[in-house]
Amino acid sequence: MGKLVIVSNRVASAAEGKSTAGGLAVGVLDALKRQDGLWFGWNGKIEDPAQAGLSSYRIGRIDCATTSLSRGEYDTYYRGFANGTLWPAFHYRVDLSRYDPKEYAGYLAVNERLAGMLTELVDEDDRLWVHDYHLIPFARACRRMGMRNRIGFFLHTPFPAEGVLRTIPPHRDLVEALCEYDLVGFQTRGDAQAFIDYASRRLGLPLETGGMLRTRSGLVRVGHYPIGILPDDIQNKSKARSRSKLVATLKQGLQERKLIVSVDRLDYSKGLVERFNAFERLLESYPAHCGQVSFLQIAPPSRSDVEGYRHIRRQLESTAGHINGRWTELSWTPIRYMNRAYERSALLSFFRASQVGFVTPLRDGMNLVAKEYVAAQAPDDPGVLVLSEFAGAADELANGAIIVNPYDIEAMARALDQALNMPLEERLERHGHMMQLLKDNSIRQWRDHFLADLEPEAIAA
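One gets this note's numbering by counting positions in the sequence shown from 1 and adding 319 to each.
Calculated directly from the structure, the hints in this document are not laboratory data.
Mixed in with the good hints there might be a few duds.
Here are the simulated lysine-lysine pairs, DSSO-like style, with alpha carbons at most 27 Å apart [said to hold, decoys possible]:
#1 577 x 558
#2 577 x 564
#3 570 x 558
Bear in mind that the values here come from a model prediction, so they are computed numbers and not experimental data.
I would like the entire structure built from these sequences, with the hints used as guidance.
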């Protein structure tokens, strides 16, 4: 058997590989540690096209090959179609999605260029695992260049229902491109069904047994593969940092108050403004919590060159200022809004020190913060997870978390009150259930399940 080739928009640098932040990078690194492999993609640099050759380095035993983007490629492929069109539409924010045919042409061109570079690095028996919305046309580009390898695709974001998908003008072309893969994987059963529904209704592709679509060139397997974490590793790291100076400073500032914690990339899909409003409603509707609980929101900046992200930052700063201006006392600041990044180990220790994890995206493919919050808890005194029904993680954690609709501010406030007052016995039962599920469905099970289904024998079966 040949090597496993991972293709993603970004490849971790050698420095990042030493303290990976989670999600895609954790899964990739763990997959490649177990067998010979290559990680290929963009290095995050914007350079003159003449400098856009291949660079190689290693993260431990993992080979990495990267290239840069030109300014034009960055503007059309990355900032343009991928994050100006696909990202908002896939998260049901069609009001923020825009379309420019020149950006779509640039998106296709970058996929073609990357595929051409990869053909020089791939052997006939290698398997390719392509990740996320930046690279939907990648398999089609590879096929046009004569590549006949097994190629799988995994979408980390939601896949929208047909009515939303059709707001993207080249929607048919995108789905046809996905059908060039041997395996297309999604986070949830609902996402997979949305793809199948479109392919069946709009493209007329017959659905065979075992979740396979029949195309002119063969069978495409479609499945859902909820990405997991390494729960024991996270619990150990959170415990190791629980007595750090940083946590001691946090607790000293709390002065025995309870803590609600949220950690998100600064993004309009995360429901941050709604979350702030729900916390204020908690103070209004349940005044016993005034002065007794603080809300820590960590939201590192993201894609600051996209107007939608600058707008959400201004909204959050204004909302946090309003709430603190209304409720702050001499010895208590209700919201601590931190617009900067922390090391992952520090975030895990914050999770462990809190009584409530508040994870309420308006739409999310999975949301690993929800799973990491559960895994980071002290087993003998766990906190409570309040989770949006629109996060992919809600499909798995519904029996342990308090599930809320992030558009219902009053219901979120009630959920926070319930979480803050939940007795230990109930917290232990909920946490134990979720922790067992996380162990049974770790990131390694995700990887193994996907790669097993990518094998030709899986199609035959």
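Comparing the hints with the structure gives:
no.	hint	verdict
1	577 x 558	holds (19 Å)
2	577 x 564	holds (19 Å)
3	570 x 558	holds (15 Å)
Going through the hint list in order, the structure satisfies each hint without exception.
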